[in-house]
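Chemist: Each chain, letter by letter, is given below.
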Amino acid sequence: MSNNVMSEIRKDYLYHLVMNNERADGRSFDQYREISLETGVIKKADGSARVRLGNTQVLVGVKIQPGEPYSDSPDRGVIITNAELVPLASPNFEPGPPNEHGIELARLVDRGVRESKSIDLDALCITPGQKVWILFIDIHILDDCGNIMDASSLGAIAALMTAKVPAEQYGLGEDWPLPVRDIPVATTVVEFGGVLMSDPDTDEETAADTKLTVITTADGSVCGMQKRGPGPLSMDNIYRIVDISCEKAKEIREKFLDV
Amino acid sequence: MSNNVMSEIRKDYLYHLVMNNERADGRSFDQYREISLETGVIKKADGSARVRLGNTQVLVGVKIQPGEPYSDSPDRGVIITNAELVPLASPNFEPGPPNEHGIELARLVDRGVRESKSIDLDALCITPGQKVWILFIDIHILDDCGNIMDASSLGAIAALMTAKVPAEQYGLGEDWPLPVRDIPVATTVVEFGGVLMSDPDTDEETAADTKLTVITTADGSVCGMQKRGPGPLSMDNIYRIVDISCEKAKEIREKFLDV
Amino acid sequence: MSNNVMSEIRKDYLYHLVMNNERADGRSFDQYREISLETGVIKKADGSARVRLGNTQVLVGVKIQPGEPYSDSPDRGVIITNAELVPLASPNFEPGPPNEHGIELARLVDRGVRESKSIDLDALCITPGQKVWILFIDIHILDDCGNIMDASSLGAIAALMTAKVPAEQYGLGEDWPLPVRDIPVATTVVEFGGVLMSDPDTDEETAADTKLTVITTADGSVCGMQKRGPGPLSMDNIYRIVDISCEKAKEIREKFLDV
Amino acid sequence: MDDKLSFFKDGIRLDGRRPGELRPVKIEAGVLERADGSCYIEMGGNKVIAAVYGPREVHPRHLQKVTRAIVRYRYNMASFSVEERKRPGPDRRSHEVSKVSREALEPVILTHYFPRSVIDVFVEVLQADAGTRTAGINAASVALADAGVPMKSLVSSCAAGKVDGQIILDPMKDEDNFGEGDMPLAMTPDGEVTLLQADGRFTVEEMREAMETARKGCEQIYEIQKKALIDRYSRLEDPKEEGSGV
Amino acid sequence: MDDKLSFFKDGIRLDGRRPGELRPVKIEAGVLERADGSCYIEMGGNKVIAAVYGPREVHPRHLQKVTRAIVRYRYNMASFSVEERKRPGPDRRSHEVSKVSREALEPVILTHYFPRSVIDVFVEVLQADAGTRTAGINAASVALADAGVPMKSLVSSCAAGKVDGQIILDPMKDEDNFGEGDMPLAMTPDGEVTLLQADGRFTVEEMREAMETARKGCEQIYEIQKKALIDRYSRLEDPKEEGSGV
Amino acid sequence: MDDKLSFFKDGIRLDGRRPGELRPVKIEAGVLERADGSCYIEMGGNKVIAAVYGPREVHPRHLQKVTRAIVRYRYNMASFSVEERKRPGPDRRSHEVSKVSREALEPVILTHYFPRSVIDVFVEVLQADAGTRTAGINAASVALADAGVPMKSLVSSCAAGKVDGQIILDPMKDEDNFGEGDMPLAMTPDGEVTLLQADGRFTVEEMREAMETARKGCEQIYEIQKKALIDRYSRLEDPKEEGSGV
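Going line by line, the protein sequences match chains F, H, B, A, P and U. Position 167 (the first sequence) corresponds to 167 in the working numbering; numbering is contiguous. Position 112 (the second sequence) corresponds to 112 in the working numbering; numbering is contiguous. Position 204 (the third sequence) corresponds to 204 in the working numbering; numbering is contiguous. Position 101 (the fourth sequence) corresponds to 101 in the working numbering; numbering is contiguous. Position 55 (the fifth sequence) corresponds to 55 in the working numbering; numbering is contiguous. Position 5 (the sixth sequence) corresponds to 5 in the working numbering; numbering is contiguous.
FYI, nobody ran anything at the bench for these hints, they're computed from the structure. Keep in mind the model is a prediction, meaning the values are calculated, not measured. Idealized CB from N, CA, C, for every residue including glycine. Keep in mind that the hints are not guaranteed to be accurate.
[As the list claims (entries may be wrong)] Covered stretches of chain A, as calculated for chain B (at least 3 residues, CB under 8 Å): (1) 15 to 28; (2) 49 to 60; (3) 91 to 102.
[Unchecked claim] Listed below are the simulated BS3-like cross-link pairs for lysine-lysine, each with C-alpha atoms no more than 25 Å apart in a straight line: (4) H:K44 with U:K226; (5) P:K152 with P:K86; (6) F:K44 with P:K152; (7) H:K44 with F:K131; (8) U:K216 with H:K43; (9) U:K86 with U:K226; (10) P:K86 with F:K164; (11) A:K9 with A:K173; (12) U:K216 with U:K226; (13) A:K152 with A:K26; (14) P:K152 with F:K43; (15) B:K44 with A:K173; (16) U:K26 with H:K44; (17) F:K11 with A:K227; (18) A:K65 with B:K131.
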């Protein structure tokens, strides 16, 4: 991410647009880019989803395999979330193990799934203390045109909701759909020029340099929150962002994840 | 390998020699440098061989130890081949884990051994699903004066042919000679200035920049092939190289590996 | 340690002091800086000690956990010593895995503990061949103002002498004090300007560039010795240093480690 | 853990605190000789030390920024700081903590005074209770001031939590592990939030209450930070107190 | 696998193909916004995406060549692309595939136009059937053209195999796993071979037959690659087709 | 091992040596073509090869010293050199051996002749008995001379040990593993000690005796090193001996 170069001119331009209540692509401040969601796209995965958020593209694959439980939760399944910000997706990504951005992204998606208790880990026990189902949630960023966080979060829950536990392959009975009990949705807002903008594109992310991501559950609770980027936010703006986020998450949930 | 500097002058010189049907060291185009092969040189190894190919020197050690089989072949022994291009051997080698050249070399030697089926992996099972013999073929390049591929391949099969399975040491009966059923030999040819040259030395490798390595078995079959280096080859030249390689491999096999 | 810059002027100054039989901080040549030793400072550790040697500060934590024995000593406990030269402690330390200085420090402390046989490894066996107590000695350098070797060695043995084996926590009976049978003490001397100086501070270490560390046991035997740094020492000076070291170690042992 | 466990007895928490009460906090500035600035903090059972080096030259050089200093923050846990020995070196958690902690301090550091340089902040957790990241930020903030790095203000940090459906200040280990939510926050004295994370489950109202609660904690910590710096300056002015090292 | 398994039934392969028939191939150029050039390919069950960045500046600088651009090629498999989850990051196999794939493309790239720069080719395998390296080269070749990198020609790639003693084109997973030989090949339209590997066991005659077979496959793929590029240019000329992104 | 094992029989060691006797030593200089200098040594069962490259340019450049050459020393064990196969690559032990070995040679190398450059010493242990570090230093010293690196003198190295309460020269494997002490030493011909390590347990008197014993070993090795270099120069002067390579 070291070379995330953006000319001052471009930033000024965005600022002037904001002064006129506009965004570069004509959206209103709380409007998302067009979302498209396709599930079951990778046959080799047990669950998968391809999300397009404007030109941003993210592919999430879920693999479910038997393995050992953690010693401090011997009767519960395991969730392992990983994000690959492969250099194919952006001139700012470099090959190698995930850097702090990839780690933060994966951990936020993971917290959304985990803290919303959307997956019943108790149901993923095979033999207590010895064998449990391990869920690997692998996020593969394909095209970073901004806000890969929301796209990844949406892809992850969609992949989980359509995943099957491949029991038969391991001689453990019939395959069964992974039970998903809640639907966490992450929404991200930036503050720039005094206004709050949802779903920032690359230029807006760069110009604003501080984002707040709020993850909410189906009942409107907050199950995760993270300020990202080196700028401050006032408490009032945080409250306003949480309100915007709850509403947007509801819309996304109803439109794309309604079971 | 990044600093494999060779002056244009040196390359021109080699080119002019070729025009006169000559090589810098006076060999004919299909002639190998002098080969010497010594086995049993490392007492701590279960099989070993030191190969000299002109000034190129390679040492191969084989260690055989009990270990776990792969889960998809629970009743078969395991072969693990590794090549260390240690910085002692060339100003172009750097310390650290094997780079793509070392990996390619090890994988090609490995494929020769594996695809020729020279080692009966079924015979290396100790307890099905639990314990098998693991063959470690470790290639240590000592002096890279060109064509370490052929030297490594020769060293590997010679070390295997003289290796003993150290069963006694592990309380698994008497030591027994590792059974070797076929004798794969790799031979390498470069195209340069319109001619095909076997066993390139360092300068020839650098000037030609494309090599074809062909691995053949005792019955004259091809059990491995790899174009190496960033240049094209015509199909006719490939066919001619395969013919040259088969013949050279036969000579090497008869002269050095005749059991 | 690559940028251990010290002006020639500073070095000259130290040299002139030596010519006048002086050290920069007024100590005599064999005098240690003020030592303070505090044990039990980290409740989460099973043994711990904070050592101040002048402005040098080192924290040593000992953790004792059940684990697998080494295959070649199935009935004996295991000691693992590690030193973190974290960048907090000196502008010369860099983040990342221990470099050769950290490794040498850890291995020297380890050898002192091990070769003095101060820990009865046989007493740390739980189930022969399966489970033994593993002692982790973790050295955390906090402020490197010279001679972290002696401070670390003192901290390690003090932490061990006050450590308890946390048996209860693992359902293995009552906690019991770790039995310590000998008290190895490391003392370091530099040669500079023809004189021998104990307990060098940072400037003296840099100016002298060669140190000899001698580790002695309670009965005055040498259980470890290492010349460190790129300079030679005469045999006579080595003998003198060993004599000085034995005496200093005795003083330190009596003053700080008398049980 | 038994769901029936209660975190309160007569409105008092398991360690004797009221819901809105901080654990004891002790801060000392200038505890290291080699570092340009340093600070030691105890917050409940947490023992954390922070050091600042810089502004100094950047290596490798391609990380330099032509208009400002870069800030690096390395949060590290000593192997012996936690119940089960931690493998040395950074893991995914510490990478994330380092990132959000750096971002918690960047807003107050006047980085444009020092183009092409780096300000390094190193935080070592010597003993961990719940809340090491907030303790680290508190210490780092004081260490930056101790190093003389120009700042708009200090940053103060603490967490709010949710246990038994109630919002509490500064959760200790059990409240963090078995409670319903954790929300670390950092802020400047004028109320700008520079770090905000949350996990668990909060209604929007609880989220607001937790933020207000954490804000009050930060205000108290701010006073302790200021006092530590004043003590430090007094010691510097009165050389007799400085020990034999000078 | 049972040795008696037959790979043919009435001369037809298990997936319904004749011996010399390719699996269905679908190629689309220009599928990514950020990359300078890109291409998505499906070859049977393989789903592969390629992106090209550059010519651009080289980091670290000591890799620069004063007379030409360097080419880097990174072949990577997504964790979920194969039967058993793959650990993220390169392994020995992917290092080798990256090397031979780069060497398959270098002969056609006019690298001397861009001294001191780098052309980066990134290939992500999203779903793997047999033949991912050849699919990757096909996609990378189109992505290079899409990026406007000057090339002598495209490169087309596919494998021949040997099953039941017979040479076949474009082996699918079972034919690759349980067959007697595999020979991936890449070539230019004028018949220069830029990648050649083989494993298994081929007589010299079989080797020649396999190469001729693979050559025919490459010729068919070449036509599909060309068509994908023509489609791409048509879309570019007709902005209405370009979607709402522009 | 049985504590009652005796390391002596009638004053003679298990391998037939007297207490103060070295194992057979064979040294050959100039054994590699690519390296600037090289040396092969056998000391008992140890087989070690050393190569020197340089003085040459330093990469990465920030390691350069403006007033002298830096020396790098890489001690490496071949996987097959020991009883149980060793994982390739450096471990903690080899890092330490590399460090003390480099420091054993630095005092004699005239590094100030070559500012901003590096002298690389690579030592490969092909077969290990006890004493690989001393064998490596002996070979490296000759390889440096063979490379024409200006030196004040050679460095010679061997260990003393303690078994059955008696000091011995040049311990072999069993004496090292089951003995009471090991003390490797390196020195210049004029008696300056450039490497000294010890583990085990020595009284101060034993320590002195061990050092004197090791010194005598070094003196013998010095003669063999000199002879190897004289042989090397004779070969160079008499080109007929140089083999067909020239």
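Chemist: Given the hinted pair K26 of chain U and K44 of chain H, is their alpha-carbon gap at most 25 Å?
Modeler: holds, 19 Å
Chemist: Hinted pair, alpha-carbon criterion (25 Å max): K44 of chain F, K152 of chain P. Please report holds or violated.
Modeler: violated, 37 Å
Chemist: Is K9 of chain A close enough to K173 of chain A, meaning Cα to Cα at most 25 Å?
Modeler: holds, 17 Å
Chemist: Examine the stretch 91 to 102 of chain A: at least three residues should have C-beta closer than 8 Å to a C-beta of chain B.
Modeler: As far as the stretch 91 to 102 of chain A goes, the hint is violated, because 0 residues have Cβ atoms under 8 Å from chain B.
Chemist: If you count the residues of the stretch 49 to 60 of chain A with a beta-carbon closer than 8 Å to a beta-carbon of chain B, do you get 3 or more?
Modeler: This one holds; 5 residues, not fewer than the three required, reach chain B with a Cβ under 8 Å.
Chemist: Run the distance test for K86 of chain U versus K226 of chain U: straight-line Cα separation, threshold 25 Å.
Modeler: violated, 33 Å
Chemist: Next pair to validate is K44 of chain H with K226 of chain U; report whether the Cα-Cα distance is within 25 Å.
Modeler: violated, 30 Å
Chemist: When I compare C-beta atoms, does the stretch 15 to 28 of chain A have three or more residues closer than 8 Å to chain B?
Modeler: violated (count 0)
Chemist: Holds or violated: are the alpha carbons of K152 of chain P and K43 of chain F at most 25 Å from each other?
Modeler: Violated: K152 of chain P and K43 of chain F sit about 37 Å apart, past 25 Å.
Chemist: Check whether the Cα positions of K86 of chain P and K164 of chain F lie no farther apart than 25 Å.
Modeler: With Cα atoms ~19 Å apart, K86 of chain P and K164 of chain F stay inside 25 Å; holds.
Chemist: Need the status of pair K11 of chain F, K227 of chain A: alpha-carbon distance at most 25 Å?
Modeler: violated, 41 Å
Chemist: Take a quick look at whether K44 of chain H and K131 of chain F sit within 25 Å of each other, Cα to Cα.
Modeler: It is violated: about 41 Å lies between the C-alpha atoms, which goes past 25 Å.
In summary, the structure is inconsistent with hints 1, 3, 4, 5, 6, 7, 8, 9, 14, 17, 18 from the numbered list given earlier, while agreeing with the others.
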